[in-house]
Amino acid sequence: MSHPIFFSFQEGHFFLFRVAVEFIQGVCSKRERVLIGESSEKGESSGSLAIHSVAELLLTQKVEAPVAHQISSSQLSQSYQIQRFAKIGKSFFQACSGQHFNASLIKIFIDKIDEKFGIKFPLLSNATYDSATLPEIGEFGHFLSSTYDIHPFFKVDVQPNLRKQFNTNPYLLTYNGFELTFQPQIYGQLEWREIKEEYIEISVKFLGKIADIDANSAKISILRAIEIEEKLAELLTASTQRHTQDSDYDIVSLHDFHHLFPFFKISGFIRGIYQNEGKNITNFLQYILNRQSKVAIYHKPRQIERHYAVCTAFKQEKNAFLDSILLRILWKYQFFFDAKEIQISERLRSSLFQPLISGNDESDKRKSCLSLLSHVYPPIFGNLAVKALYPKNDDFKIRQKEVATIAEYVLQSFEDIFNQLSWLSLSEKKVLTSKIKEISRIYGAPKWVLDGKKLDLLYSNLTHIRNADIATRWLEANAFKRIKMYQRLTQGGEIRRDDFLSAFSSQITTEFEATVDYDTNSFYLPLPFLERDLVHEGHPAIWKFVMIGDKIGKILGKLFDESGLERNELGMFSKWMKAETRKRVKEMVDELEKGYEVIGGGRGWNINEELAENVGLKVIGSLLL
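Here the sequence shown is numbered in UniProt numbering, starting from 1 and rising by one per residue.
FYI, nobody ran anything at the bench for these hints, they're computed from the structure. Predicted model only: the values in this text are computed from it and were never measured. Any given hint might turn out to be false.
Think about it this way: if two alpha-carbon atoms lie no more than 20 Å apart in a straight line, the pair counts; the simulated DMTMM-like pairs of lysine to aspartate or glutamate are [what the hints assert, rightly or not]:
1. K294 to D256
2. K437 to D561
3. K430 to E566
4. K586 to D416
5. K155 to E230
6. K429 to E580
7. K575 to D250
8. K586 to D550
9. K429 to D561
10. K219 to E197
11. K575 to E587
12. K484 to D149
13. K300 to D250
14. K315 to E234
15. K401 to E438
Throw the hints in and build the complete structure from the sequences for me.
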């Protein structure tokens, strides 16, 4: 880079000079607009520290993560606990705490498919199927998607800005078509053979916990299931990103969609979404089955090719295909096993398409159950945690303001950087700076999550709270989440950019990692960022600024990576940047991210795990015990 900013950054001082120094020297003289949830506030702070002192601090100060977080019982609001959604969370937690995790739970998952479709997986029963006995793909695909969150046939993708992009309101967007067990690019890598061998060995161990199997025969069947996916993977590796032009999408009616994708059975798929124990959800079925309702299809020829390839594989390789579905269920929900002795390498974990859900660990049952609760009911989890930490709403707002003030100065610093780049055209610079100004940011929790009445309304139709095993509760809660997401999809309108997490997030409080949403140009700093013991009280305020600034910098890096640069300030696809400029911006962001890792303490400081355990989970545990 030729700009002097980047010379200093490459030497490890960019963050100090462009962010920290501006904060220290100008914090009293500037006031920036701060967006918190649905409101805007102004925040300011004060402080002074010589530049050489800051540098000395960054180079020599050793900071240790907090060890524990104590919540006194006096902080807990009795009136709050009697609200319905608090009862739901407590009921789920108690059921989980009293549950012994073993093979019987995972068999509940498998039996659901047998009950619904009469399918006994070949790997477990030596059963074989012909095409006439296979379930209809649309209904089967919906059941796997809504119940287990796996997508072997097709994937429905929500794009919140369809109305603005197409000047119409299509409610369905088909994207990559389907998901595989592994990341599509893994199948052709040099390490694929070792990954495959480990996957087969562990799969045999999983199967051995739920049925008497012949290991050698099982390995052959698992290999066949993998080979089916290897062939299909070739259809996904050609393009892994959306295009930025409207011409890459076809808008067709639901009626015409049937003729393009005859095996898709979209009406059966959509109809299944709005059935709950045989009862249609009021007012939706008639709306979404309108023959003229619009559907947006990404790259129609490619989707058709993928559609027929998957359907053909299902028809012709039915036994291996069904076994691949069984294996996906076992792996995704392996935490329901009592399988502590089964070790999975990080290489294999990172190769899987869907990350493994954290769950059972008998050595820390409380943490495991809280982790499951946060995944199934993230809005409840977030509300309980915030209320426990901040029984006085003013305390929460004060801490929000402190973190927001720091974050806003980092955002301002990035805007200044782009304004000084001579190789950006005026039009490109305008969109880049606007993209920063228009970022919707949430600090701590979305405002709606803190509203007990809104949460009560959200869960008002949830009727499954009863004396049931944790696996059954999990399946029903997951189906409830999927229904809510599809409701948003079919109701039309747009996702609020200051409320984007209302589509649910499992990271609402337990992760010390920011969430980025490309489609709405938004980011979210979870609750641990607001904790006063984020670092030890004895450490200077500048260190808190560096820790938060480090994370904000990485957020911006994501919003301006290749996927981020496909979208404008509203998150809409827009071809507003030249290819050469895009390349230079990406190189610049890569440089920034490398520097943030150095300034922020590198990889040796495992603050993520420390805060996830001691802030998010322990807070909610104090409330539910």
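Open item on the list: K155 and E230 were given as a pair; does the straight-line alpha-carbon distance stay at or below 20 Å?
Closed with: holds (18 Å)
Open item on the list: Check the hint pairing K586 with D416 against an upper bound of 20 Å on the C-alpha distance.
Closed with: holds (17 Å)
Open item on the list: Tell me if the straight-line CA distance from K219 to E197 falls inside 20 Å.
Closed with: holds (10 Å)
Task: Agreement of K575 and D250 with the hint, judged by alpha carbon distance not exceeding 20 Å - done: holds (18 Å)
Task: Agreement of K429 and D561 with the hint, judged by alpha carbon distance not exceeding 20 Å - done: Roughly 16 Å separates the two Cα atoms, so the pair holds.
- [ ] Verify the proposed pairing of K586 with D550, using a straight-line Cα cut of 20 Å.
- [x] holds (18 Å)
Task: Proposed proximity, E580 with K429 (alpha carbon, max 20 Å) - done: holds (14 Å)
Open item on the list: Run the distance test for K300 versus D250: straight-line Cα separation, threshold 20 Å.
Closed with: holds (7 Å)
Open item on the list: Need the status of pair K484, D149: alpha-carbon distance at most 20 Å?
Closed with: Status holds; Cα separation ~14 Å.
Open item on the list: Run the distance test for K575 versus E587: straight-line Cα separation, threshold 20 Å.
Closed with: holds (19 Å)
Open item on the list: Please verify whether K437 and D561 have alpha carbons no more than 20 Å apart.
Closed with: holds (17 Å)
Task: Proposed proximity, D256 with K294 (alpha carbon, max 20 Å) - done: holds (10 Å)
When held up to the earlier numbered hints, the structure conflicts with none and fits them all.
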